[in-house]
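First to last, the protein sequences are chains A and P.
Here our numbering is used: the first residue of the first sequence is 1, the next is one more, and so on.
Here our numbering is used: the first residue of the second sequence is 120, the next is one more, and so on.
No wet-lab data here; the hints were simulated from the structure.
A hint or two may mislead.
[To be verified] Below, a list of computed lysine-lysine pairs in the DSBU-like style, where the Cα atoms sit at most 35 Å apart: (1) 266(P) x 158(P); (2) 48(A) x 90(A); (3) 48(A) x 140(P); (4) 266(P) x 140(P); (5) 660(P) x 351(P); (6) 158(P) x 200(P); (7) 296(P) x 351(P); (8) 158(P) x 68(A); (9) 296(P) x 448(P); (10) 90(A) x 63(A); (11) 140(P) x 90(A); (12) 636(P) x 448(P); (13) 660(P) x 68(A); (14) 340(P) x 296(P); (15) 158(P) x 63(A); (16) 787(P) x 439(P); (17) 63(A) x 296(P); (18) 636(P) x 660(P); (19) 296(P) x 787(P); (20) 439(P) x 636(P); (21) 90(A) x 448(P); (22) 63(A) x 48(A); (23) 68(A) x 90(A); (24) 48(A) x 158(P).
[Claimed, not checked] One-sided and incomplete, this derived list gives chain P residues near chain A with beta-carbon spacing under 10 Å: (25) 122; (26) 161; (27) 162; (28) 179.
Ideal Cβ placement from N, Cα and C applies to all residues, glycine included.
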Amino acid sequence: MAKQPADQRLELLQGTLDMLILRTLQWGPQHGHGIGQAIRAQSDDLLKVETGSLYPALHRLVKRGWLKAEWGISEANQRAKFYRLTAAGKAQLLRERDRWSQLVTAIGRIMNPAPASKE
Amino acid sequence: MSPDQDELDDEIRGHMAISIKQRIERGEDPEAARLAALKEFGNVTLTRDSMRAVWRPHWIENAEALWHDVRVALRSLRRVKGLAATVVVTLALGIGANAAIFSVVRAVLLRPLVNRDEDRLIYIRQLAPAIGAENMTWSVPEIDDFKSRITSVSAFGDFSTVDFAMVGLGGEPRMVKAGVVGGSFFDVMGLRPVLGRLLNARDDGPHAPGAAVLTYRFWTKSLNSDPSVVGKTVRLGPRTATVVGVLEPAVPYPADTEIIANVVTSPHHLGATMVTSRVHRMTELFGRLAPGASVESARAELTAAHAAMIREHPEAYSPKANVQLTVTKLRDQIAAPARTILLVLLAAAGVVFIIACSNVANLILARSVRREGELAVRAALGAGTGALRRTLLAESLVLCGAGAVLGMLLARPLIAIVAQYAARFSVRALDVSVDTTVLWVGAGLAMAAAVLLAYVPRLPSPHAPAGLGLATGGVRITPGTNRRLRVFATMQIACSFVLLAGAGMLLATLVALQSAKTGFNVRQVLAFDIPAPVIGVDDGKVLNFYQEVTRRVGALPGVDAVAVGSNVPWRDAGGPLGGGGFQFAAEGYQQADGEASPRARMRMVGSGFFDVLGVPIVAGRDFTDDDRGGREPVSIVSQSIAQRLFPNGDAVNRHITWTDPVFSLYGKPIPRRVVGVVADVDDESVVPGAPLTIYQPVRQMGLAGRLFVRTAGDPYAVVPSVTRVVRELSADQPVERAATLEDIRAEVMSPERVNAFVFSGFAGIALLIAVVGVAGVLAFSVSARTREFGIRLAVGSAPRHLLGRVLSEGVGIATIGIVAGAAGGYALTFLAGRLFAHVQLPGALTVIVSAAVLITAAVVASFMPAARASRIDVLQALRSE
Chain A
1 MAKQPADQRL ELLQGTLDML ILRTLQWGPQ HGHGIGQAIR AQSDDLLKVE
51 TGSLYPALHR LVKRGWLKAE WGISEANQRA KFYRLTAAGK AQLLRERDRW
101 SQLVTAIGRI MNPAPASKE
Chain P
120 MSPDQDELDD EIRGHMAISI KQRIERGEDP EAARLAALKE FGNVTLTRDS
170 MRAVWRPHWI ENAEALWHDV RVALRSLRRV KGLAATVVVT LALGIGANAA
220 IFSVVRAVLL RPLVNRDEDR LIYIRQLAPA IGAENMTWSV PEIDDFKSRI
270 TSVSAFGDFS TVDFAMVGLG GEPRMVKAGV VGGSFFDVMG LRPVLGRLLN
320 ARDDGPHAPG AAVLTYRFWT KSLNSDPSVV GKTVRLGPRT ATVVGVLEPA
370 VPYPADTEII ANVVTSPHHL GATMVTSRVH RMTELFGRLA PGASVESARA
420 ELTAAHAAMI REHPEAYSPK ANVQLTVTKL RDQIAAPART ILLVLLAAAG
470 VVFIIACSNV ANLILARSVR REGELAVRAA LGAGTGALRR TLLAESLVLC
520 GAGAVLGMLL ARPLIAIVAQ YAARFSVRAL DVSVDTTVLW VGAGLAMAAA
570 VLLAYVPRLP SPHAPAGLGL ATGGVRITPG TNRRLRVFAT MQIACSFVLL
620 AGAGMLLATL VALQSAKTGF NVRQVLAFDI PAPVIGVDDG KVLNFYQEVT
670 RRVGALPGVD AVAVGSNVPW RDAGGPLGGG GFQFAAEGYQ QADGEASPRA
720 RMRMVGSGFF DVLGVPIVAG RDFTDDDRGG REPVSIVSQS IAQRLFPNGD
770 AVNRHITWTD PVFSLYGKPI PRRVVGVVAD VDDESVVPGA PLTIYQPVRQ
820 MGLAGRLFVR TAGDPYAVVP SVTRVVRELS ADQPVERAAT LEDIRAEVMS
870 PERVNAFVFS GFAGIALLIA VVGVAGVLAF SVSARTREFG IRLAVGSAPR
920 HLLGRVLSEG VGIATIGIVA GAAGGYALTF LAGRLFAHVQ LPGALTVIVS
970 AAVLITAAVV ASFMPAARAS RIDVLQALRS E
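Hey, can you work out the whole structure from these sequences and the hints?
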């Protein structure tokens, strides 16, 4: 696991943190620390989620009904709050994934125009 | 649902523990692991706060933002003190007037009475609209008929008003207004005593001991709430009565009396006339609905019984009089006279509020146009429509809140004035108090104004290019804004015009009344009430007493002449001898078929009466001291009788005879020879008419009670010596209400005066606000068109022309406003005419004067901005953008 230097880390695009959290929880319930680490590991250390953003985001998603929180014991035998995806959360994840792929396609077209459109 | 502080801490602690444990497992030193985990986490407090913020309800955030905006608004308003002060004062006037009038309306029209089950209480009135008798009252036989026939009313209460000369309970002997009631009265009215007991069935009948109840107002005001008053004895004329109790504070209806006594105290009530005569009407009638009965069913039953009564006793109900009956809830009856005037006042206050709001809207609109640059910058920086509206709302909230607070302070004294005014129409207004309703009304009006005002300015559209506005930060007037400003100013003028015309109409009425010729010498004549100890008893002693009073008062220094009479002009209007008068016949006058008998007022006067009051004798002679009992019955008639009923107006030595059925009990009517004719004077109405009046000598009728004194100098200077002279003759004799005829007339006219005063007040406020509005609009338009005026001046326009242009703009606004106001006012009158009986349009002169006042005000208001436009410095103006 090669660590990236701090200045090569990417800022999260606004609005994508919620999607990443939902996506991470698709594999099963996880606590806050675990979610943060999972996002970091999955992005090969490119994305680092600040706890100052992560926890408010988790609570916001609980409030909207996309996550459910319950206390449990972590693998390290620590008491921790575990977050689980609800049915509404799964639906939201699908919506966000669609939106995201559209966005990527659109931006991709602008940044790398197809050769045919070149004059 | 929302996690508490501990839970959030637990979650953060759990995160730390896991993080530290993983680091230790990776082989880090425990202390280093702890520091690293802390460092990685960042600011714990901040994170926890933002977690908690997620759970906070939405409105708290909005409220916080609004509070922030309010503070910003306070700061930015401090920079425009003049504008802020104008807005606050304008709103305060509007809110204060409305709050004051509404609390009086509530107290008088809406509040329930203290009487038990007050919505079951009804008031039954007999009236004869065809002869102008609004309230004929009832006679004892009529009431007895109802008692035996009606089932939908469980009990009747009766009340008649009598004047007693009262001795006792401290103070000088004096005349008091007293109620005389049957034993069922207090039970029907559902009232309780605060002290002792009230009157009941045991106090009825001619053999019960005299008993009296004091009203709460009299007990607290005159007797300092003396608890030992129960059991004391008072002399009421020839009889005595024991005070048995004090009535709770209640609306005094039908009359505001000091005491209420049982029938035994009034010899008149026990007499045969009272008990047996169907036409001897002096009693007011109340009823309590029987269980299951409604006002409608009671009205139907009473009307049917009344119709039957009229069929059975045709002699007591003249077909010409068209005698009818009305049944109303007592509460409505008490409020009725004040209803129209209060609703009109409420409407006037509403109009003032509209004017105030539209004026404030104007000022705020003008200000927001100047701020368009600021708002455009904020919109460009990402402020949403909501946030911008909130900024505007905060500002208008600050302004309206301040206006409301000031308005409340204003409302307090206003309520006292309006209540005093309304008390002339309804006794309920006597105990209007300042309560929390006023606060609610004020707060409500302020909120309504604030929200309205926040939506008046247009926000910079996020879609429209704001480039220019942003770039220069200057004022840019769109035609739309200017039009809106003008619409508001026009509306103010229109509303002011309606109020001005209304006030003008009332003022015109007042002036007409005040300048009317009365035919009396009003300046120099003093009138006194010197009631006879027993009214209606033909007693030589009483006549000699008045004769002696006249002689001794006439000898006083400063007294020119003196005479006795039965009626003080205007003050005794509507009294026992008032109303539609009595039927009579004139010798040689034949009524046409179907024509009603003529009716005339009956007045008793002593010799010298016409001389003292300055009424000229146009034919024949005055009464002399020889026109006394036992001599030939004589009379003097008013000129209108002579002219209408006698050929060539030649009435002297002809005869007139009273034919009214009221007099049938006193035996066969006697013809009275007319010895004189006097000029027409009207002692009932302040609007002088030419009433038919027949005067008879006091010494033949035995009825006087009023003393008229003409003085050489200051009339009031002789009051103490007159009182002393009368008391020397009879120590217990009341001598009261000394006043010149001029003052009496003014007193009677005071409702008209106050009407005009209140409306002029409203109109004045409206005019003031409208002037500020027009001036504001024009000033704004001028300052925004500095560049245009600069160009005009540069290309050779004369400053005079610019002045004229701006002035004509002001006059234009005023003219459109006046036309709109006239149209709206006419429509309003039409509407009001459907709701109220007496609605009249102001005369042409009033309308023209009001219009002229408004146009003048508009010219004055436009003058300052116009002058500024004509003085614009060309170079500066051209450089201004």
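Do the hints match the structure? See the list:
no.: 1; hint: 266(P) x 158(P); result: violated, 98 Å
no.: 2; hint: 48(A) x 90(A); result: holds, 23 Å
no.: 3; hint: 48(A) x 140(P); result: holds, 20 Å
no.: 4; hint: 266(P) x 140(P); result: violated, 101 Å
no.: 5; hint: 660(P) x 351(P); result: holds, 30 Å
no.: 6; hint: 158(P) x 200(P); result: violated, 52 Å
no.: 7; hint: 296(P) x 351(P); result: holds, 19 Å
no.: 8; hint: 158(P) x 68(A); result: holds, 29 Å
no.: 9; hint: 296(P) x 448(P); result: holds, 25 Å
no.: 10; hint: 90(A) x 63(A); result: holds, 15 Å
no.: 11; hint: 140(P) x 90(A); result: holds, 32 Å
no.: 12; hint: 636(P) x 448(P); result: violated, 41 Å
no.: 13; hint: 660(P) x 68(A); result: violated, 107 Å
no.: 14; hint: 340(P) x 296(P); result: holds, 15 Å
no.: 15; hint: 158(P) x 63(A); result: holds, 28 Å
no.: 16; hint: 787(P) x 439(P); result: holds, 23 Å
no.: 17; hint: 63(A) x 296(P); result: violated, 76 Å
no.: 18; hint: 636(P) x 660(P); result: violated, 38 Å
no.: 19; hint: 296(P) x 787(P); result: holds, 33 Å
no.: 20; hint: 439(P) x 636(P); result: holds, 33 Å
no.: 21; hint: 90(A) x 448(P); result: violated, 69 Å
no.: 22; hint: 63(A) x 48(A); result: holds, 24 Å
no.: 23; hint: 68(A) x 90(A); result: holds, 12 Å
no.: 24; hint: 48(A) x 158(P); result: holds, 14 Å
no.: 25; hint: 122; result: holds, 8 Å
no.: 26; hint: 161; result: holds, 5 Å
no.: 27; hint: 162; result: holds, 6 Å
no.: 28; hint: 179; result: violated, 14 Å
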